[in-house]
Amino acid sequence: MYKKIGQQSMRFSLPPIVRETATIVGPKEGDGPLADCFDKVLSDTLNGCESWEKCESSMLEWSIKSVVDKAQLSLKQVDYILAGDLLNQLMSTHFAVRDLHCPFIGLYGACSSMALSMIMGAMVIDGGFAHNVVGAASSHHDTAERQYRYPTELGVQRPLIAQWTVTGSGAVLLSDEKTLELPKITTATVGKIVDMGISDPDSMGPAMAPAAVDTIVQHFHDTGRDANYYDGIYTGDLGKIGKQLVIELLDEAGYAVGDRYEDCGCLIYRDDQDVHAGASGCASSAAVFCGLLYKELCKKNLNKILFIGTGCLHSTTSYQQNETIPCIAHAAAIEV
Amino acid sequence: MDNQAKERYKKRVERLNPKPPLVKNCCWAFVVGGFICVLGQFIQNSFMDGAGLSRSNATAATSAVMVFLGAFLTGLGIYDELGKRAGAGSIVPITGFANSIVASAMEFKREGFVFGVGAKMFTIAGPVIVYGTITAFIVGLLHWLMSLGG
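Residue numbers (the numbering used here), protein chains in the order written: chain A, 67 to 402; chain B, 10 to 159.
Just so you know, these hints were derived from the structure itself, not from any lab.
Please note that a few of the clues may not be correct.
With a Cα cut of at most 25 Å, we get these calculated PhoX-like pairs of lysine-lysine [what the hints assert, rightly or not]:
| hint | chain 1 | residue 1 | chain 2 | residue 2 |
| --- | --- | --- | --- | --- |
| 1 | A | Lys136 | A | Lys365 |
| 2 | B | Lys19 | A | Lys258 |
| 3 | B | Lys20 | A | Lys258 |
| 4 | B | Lys15 | A | Lys258 |
| 5 | A | Lys120 | B | Lys118 |
| 6 | A | Lys244 | A | Lys366 |
| 7 | A | Lys120 | A | Lys250 |
| 8 | A | Lys106 | A | Lys136 |
| 9 | A | Lys361 | A | Lys106 |
| 10 | A | Lys131 | A | Lys250 |
| 11 | A | Lys365 | A | Lys258 |
| 12 | A | Lys258 | A | Lys70 |
| 13 | B | Lys33 | A | Lys120 |
| 14 | A | Lys361 | A | Lys244 |
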């Protein structure tokens, strides 16, 4: 059965359920408005590890093990782990899954990795290649800062448009189990790279906003749905400026999203936490989906959501060579 | 994506880009930068009057003390908090130079003392040294050429 619809979307014939989620975050996120939604909050950003990279790996490993435990399964019953992070060569992910002895596919979608892992996991399950798939992503403020920007102790002023990389990790367990009444991934839209010429690596929300809009509009077009179909539309980590740009661009494209639209990066921190334009990083969308949105779906406070992971696909080499920032967004519709 | 659309988008982003609080930032930079300079002057005067050093020796000793203070406050995790508010006020003085070297050295300690600390210590300060030396050379050359004419 052919499952592709329109140009870039797919409708799953046997929509996989999101059987469980697990989240772990750092202290700053644990101090924010969503503190109660997370399964575990670390007391410091090292968590007893020798380096921030090891801490990030330990968070990802914890979230994968924890989601499998919560679903009352064992790692032997997991057919694939699909996961990614922001570091070069997926360092955090590779070390996190090293001791799990589970078939693994590494994904790099920058901050879109959580949505990407969910879409790829749903495809694998709907294709009949797996019963249970774990999708996971992580980021860490300090590992991202030292890779992409400056040493953390350097006394520089961050521009107001900059966002704060979330320290944390989220994991979902997708399953083909049909007896459980749980949220399902019903349709998805895989994005294409959009580059509107933004080259400032601090300006990631504005760089990604056109990619998010491109994917959302394509999703509506391919599925024949519009914003009214969904109770909530959530982008991953555009921050305050990116969110405003999405609202304006969608409005001009003829889709008034109104209060239905929110950005995960605007939910994690309070205004007085000195994060400037909001949250970013793989864990921004991962923590909000796994911590907040999934629970709201299970409680049926939300019934249909469109979850859009957004990623900046630049590297430190590319921006030093004055390249602009290629961006991507992937959308998954999750319905109860 | 055509260039006109990109230009229009850049203008749209520019319109939403939050403007930094210039007056507040300038006040912070002035007060913190000024305080660092006053402290430096106080230390220099103390070396000259108290310890009886010559002006050039006192200047060198003052630089050493200020570099130590910048490095020490970086190690305590205070200098980046200061820099967040003071901006150029704490970057431009010699204490900022110390901060850039010590911050890099601390950051890359986990990669070892040779390829970590040794290789990465000057990632921020290196360009300042390179272009500072080149500028000094050019200015020296110009000074020499002008002295030939005079």
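Consistency of the hints with the structure:
1. A:Lys136 x A:Lys365: Within the cut-off at roughly 17 Å; holds.
2. B:Lys19 x A:Lys258: Answer holds: Lys19 (chain B) to Lys258 (chain A) is near 20 Å, not above 25 Å.
3. B:Lys20 x A:Lys258: holds (24 Å)
4. B:Lys15 x A:Lys258: Distance ~17 Å between Lys15 (chain B) and Lys258 (chain A) Cα, so the pair holds.
5. A:Lys120 x B:Lys118: Status holds; Cα separation ~15 Å.
6. A:Lys244 x A:Lys366: holds (19 Å)
7. A:Lys120 x A:Lys250: violated (33 Å)
8. A:Lys106 x A:Lys136: holds (13 Å)
9. A:Lys361 x A:Lys106: holds (15 Å)
10. A:Lys131 x A:Lys250: holds (22 Å)
11. A:Lys365 x A:Lys258: violated (33 Å)
12. A:Lys258 x A:Lys70: holds (15 Å)
13. B:Lys33 x A:Lys120: violated (39 Å)
14. A:Lys361 x A:Lys244: holds (19 Å)
Of the numbered hints listed earlier, those contradicted by the structure are 7, 11 and 13.
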